[in-house]
Each structure stands twice: as C-alpha cells, then as structure tokens.
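Can you make the complete structure from the sequences, with help from the hints?
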Amino acid sequence: MIDIYGGQRDSLEYVMKELEEGIRSFGESPEDKDRALYEHLLCRVKSEESMIEKCERKGLAAEPYSALRVITDAIGIRIVTGFLDDVYACRDGIERLPGVKIYKEKDYIKNVKPNGYRSYHMILDIAADAVDIDGKKPGRFFAEVQIRTIAMDSWAALEHKIKYKKGLKNVELITAELKRCADEMASTDVSMQTIRDLITGK
Amino acid sequence: MKILLAEDEAELSRALKTIIEHEGFLVDLSSDGEEAESKAKENIYDCIILDIMMPKKNGIDVLRGIRSRGDRTPVLMLTAKAEIEDRVEGLDSGADDYLTKPFAMKELLARIRSMTRRSASYNQKKLSFGNACLDMEIFELKSINSIRLANKEAELLSYLVQNRSKDCTEDELFEHIWNGNEEIDQGIVWVYVSYLKKKLQAVKADSEITGDRKGPYKLILR
Chain A
1 MIDIYGGQRD
11 SLEYVMKELE
21 EGIRSFGESP
31 EDKDRALYEH
41 LLCRVKSEES
51 MIEKCERKGL
61 AAEPYSALRV
71 ITDAIGIRIV
81 TGFLDDVYAC
91 RDGIERLPGV
101 KIYKEKDYIK
111 NVKPNGYRSY
121 HMILDIAADA
131 VDIDGKKPGR
141 FFAEVQIRTI
151 AMDSWAALEH
161 KIKYKKGLKN
171 VELITAELKR
181 CADEMASTDV
191 SMQTIRDLIT
201 GK
Chain B
1001 MKILLAEDEA
1011 ELSRALKTII
1021 EHEGFLVDLS
1031 SDGEEAESKA
1041 KENIYDCIIL
1051 DIMMPKKNGI
1061 DVLRGIRSRG
1071 DRTPVLMLTA
1081 KAEIEDRVEG
1091 LDSGADDYLT
1101 KPFAMKELLA
1111 RIRSMTRRSA
1121 SYNQKKLSFG
1131 NACLDMEIFE
1141 LKSINSIRLA
1151 NKEAELLSYL
1161 VQNRSKDCTE
1171 DELFEHIWNG
1181 NEEIDQGIVW
1191 VYVSYLKKKL
1201 QAVKADSEIT
1211 GDRKGPYKLI
1221 LR
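Protein chains in written order, with our numbering: chain A, 1 to 202; chain B, 1001 to 1222.
Keep in mind the hints are simulated off the structure, nothing from the lab. You may find that some hints are simply not true.
[What the hints assert, rightly or not] With a Cα cut of at most 16 Å, we get these calculated EDC-like pairs of lysine to aspartate or glutamate:
1. B:K1152 with A:E184
2. B:K1198 with A:D197
3. B:K1198 with B:E1140
4. B:K1198 with A:E184
5. B:K1197 with A:D197
6. B:K1142 with A:E184
7. B:K1101 with B:D1008
8. A:K161 with A:E177
9. A:K17 with A:E177
10. B:K1166 with B:E1208
11. B:K1039 with B:D1061
12. B:K1152 with B:E1170
13. A:K202 with B:D1212
14. B:K1125 with B:E1140
15. A:K110 with B:D1206
16. B:K1218 with B:E1172
17. A:K179 with B:E1140
18. B:K1218 with B:D1206
19. B:K1204 with A:D107
20. B:K1017 with B:E1107
21. A:K54 with A:D73
22. B:K1142 with B:E1208
23. A:K202 with A:D85
24. A:K163 with A:E184
25. B:K1198 with A:D85
26. B:K1056 with B:E1021
27. B:K1218 with B:E1107
28. B:K1152 with B:D1167
This is how it looks when you write it as structure tokens:
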C-alpha cells in the first residue's frame, strides 16, 4: 500500500494529542465534573485505507499532498456536549488555543441542512512543533472539528446507518421521518437549554 | 370571558351590558366604529358584537380591519331587518354570526355562549407571521429552519400569533392554554414563553416574544 501520509503519521498523532490536550484544558475541570463543557471528546487520525479511498472518491491523486493539503480531515475531533450553549463555548475555547487558526467554519445548527443534520464544523489551521510535509518546523497541519449535542450526535449516528443501508424501501418516507426526529430533538435541546438557564438564573 | 360591544344607541347598549354581565361576562362598550376598532386592536376579547350602523366607521369596515390583521376573534353582527345585503356582506367579510334587530335577549345570550364555545376549539391549521409559519396539524414551526413543538407550546404560540401585537397577560394565557387548571403552577407560562423565545431564534424567525417573567407577553415582528 502507498504511504498516503508520506511518513507523517507520527506528526499527525502528535498534533492531534496536542490539540486534544488543549481542548481538555478549557473543557474539563477535575474538581467539578458538572462544570465540564462536554460529555465526550473523540479523536482519530483517519486510517490510511479511508484516506486513499477519499482521495479516489474526490478524483485526487492518492499522494501525501492530497491527503494533507487538499483534504483537511486527516486529523478529526468530535466534541459531544450536553447542552446547546456549550457547543458555542467549545468553539470559542478552540479559537483561543495558541497556534490554532480557524481556516473555515460552518454552523449547521443555525443553518440546518435540508435533511435535518445539525452540528458545528470547524477546519483548523494549526502551527505545531512538528515537521510537516514541506519539511518545515513549526509545521502546518489541518484538523477538522465537529461539535454537537448528544441529541444531534445520536441523530447523526442513526442517519449515517440508514444512508448506507442498501435496498431500503420508502426512502422518501424515512427521510421525512428522520427530518421530523431531528426537528423534535432540536426542540428538546432548546427546551433543556432553557431549563438550565431558568435554574441558573441566566 | 371578555366581550366587546359596539353599539351607538346608548340606552340599548347600557341595557345589553347589564344583562350580559349578569351572565358572567365582562363587557367593554364602544359607541362608534373607530373606538371599536382601536379597542379590538389593543385588547383581547373572546367575542366581539358589532352593530352595522355606527357613526365614524360602519361595523363591516371595522370587521374587515380586524380580520385583515389575522385576528380570528368570533364576531356577531347586529343588523336591521331590511338589511339583507349587509348581512351577506358581513358574513362574507368574516363575521361568524348575525342577529336582526329587534331581537330577544335570550337569543343574543345563547349566540354569545355558542360563539365563545366555538372559539375555544377554533384553530386555524396554518398560521403565518412574518417569515415564519406554524402548522397546527403537525406542530411544526418553520422559518429558515424548522423545529417541532410540544403540544402546549404550539397552542401558546398559536394564541400569541392570533393576538399578535397585543399584550397578553399571564392570567389570560394560563386561562386559555392551561384552562386555569389549579393543579398546575401558573409559573408554567413563563417557562413555555421562554421555550418559544429560544425556538423562534432557533428557526431564525423575524418575530419575537417580548415581556419578562410574569408578563405581559406580546408577539411582535422585529
């Protein structure tokens, strides 16, 4: 198999760990678990197989430049929060991390996708203490971050399963019903946030 | 229950007020069309009784003004016997019922009871306000984004939409949406108003509910 990351795998792992630690530093408070900004923090470097497959799907040459400079999700992070406002608190926390610049961001919570998908997406441009594919240090790396609530996350998980299920009948009906579920869950997210605000007197 | 009575004959008007209030309703009086229109705009009524022949503005024009604002309050027209054209025009302009003068008091009271009963179950299926739409059949609130509301949220929003730009007191909302149920804490109104405030933002509606804890609340276009 070709080395799609051009010997950069270790650098990617290192940059991801640094980013993960940065997020933990503002998102978790060891003394008081209730003050944590999120419930789950998941990190992964995309597997070589998936990256090659993605290059091919996008019509790109399967080579390190495509994987690390054109495609931006070699490093992927997902933050799953309990509450809606915490999504934005996490976003702001990431923006303040040293060496991290927001390259692109999309708010699919305020601009919901037609199928009902909700999530906050960021592409980060990171200057890290590691050699990048251009041989530079500090090097330049990209990472993609998805931030969403537990409700949005569980919806996305089911939608993902259905999307790749072959031979499904009543696709339109199921798509419409999934959209309804997304809208009901979003409604509950807003209600839960409101209740928390009422309790804390915000 | 509150009723607006627009009738320019002072004696008749006073007599009607006394009798209707005796039945347990509250009555606001207007002696001309313009006054009736401004009262209907400012206050929430469970029923409006309009005489057709009134100074300054006739009853049909007042009715058209009320309906053009999306106000679905039941309206009873009072007409003289010969005025068939008026009755047709009144009904076509959105009146729910009419009564010809002279009428029996008993009949007027029965019609008021019938109309206020109907209004309790009256629900338009789709209500539009600004860039948003509330579909009462599936409880969907839709604007740029869409969201599904809970039963009471939808009823409350529907009430606020139908009475848009009017102050709605917490007592009125509790009375109409929760039927004044004594087992429920009236603080529920503020909780549900708070939900709706945020949900209107979540779908990016160009309207908002104003008012703080305890009300009064009002739906307005931003």
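Comparing the hints with the structure gives:
| no. | hint | verdict |
| --- | --- | --- |
| 1 | B:K1152 with A:E184 | 14 Å, holds |
| 2 | B:K1198 with A:D197 | 11 Å, holds |
| 3 | B:K1198 with B:E1140 | 15 Å, holds |
| 4 | B:K1198 with A:E184 | 14 Å, holds |
| 5 | B:K1197 with A:D197 | 13 Å, holds |
| 6 | B:K1142 with A:E184 | 12 Å, holds |
| 7 | B:K1101 with B:D1008 | 14 Å, holds |
| 8 | A:K161 with A:E177 | 15 Å, holds |
| 9 | A:K17 with A:E177 | 39 Å, violated |
| 10 | B:K1166 with B:E1208 | 13 Å, holds |
| 11 | B:K1039 with B:D1061 | 14 Å, holds |
| 12 | B:K1152 with B:E1170 | 15 Å, holds |
| 13 | A:K202 with B:D1212 | 13 Å, holds |
| 14 | B:K1125 with B:E1140 | 11 Å, holds |
| 15 | A:K110 with B:D1206 | 14 Å, holds |
| 16 | B:K1218 with B:E1172 | 12 Å, holds |
| 17 | A:K179 with B:E1140 | 12 Å, holds |
| 18 | B:K1218 with B:D1206 | 14 Å, holds |
| 19 | B:K1204 with A:D107 | 13 Å, holds |
| 20 | B:K1017 with B:E1107 | 15 Å, holds |
| 21 | A:K54 with A:D73 | 10 Å, holds |
| 22 | B:K1142 with B:E1208 | 14 Å, holds |
| 23 | A:K202 with A:D85 | 12 Å, holds |
| 24 | A:K163 with A:E184 | 20 Å, violated |
| 25 | B:K1198 with A:D85 | 12 Å, holds |
| 26 | B:K1056 with B:E1021 | 27 Å, violated |
| 27 | B:K1218 with B:E1107 | 35 Å, violated |
| 28 | B:K1152 with B:D1167 | 19 Å, violated |
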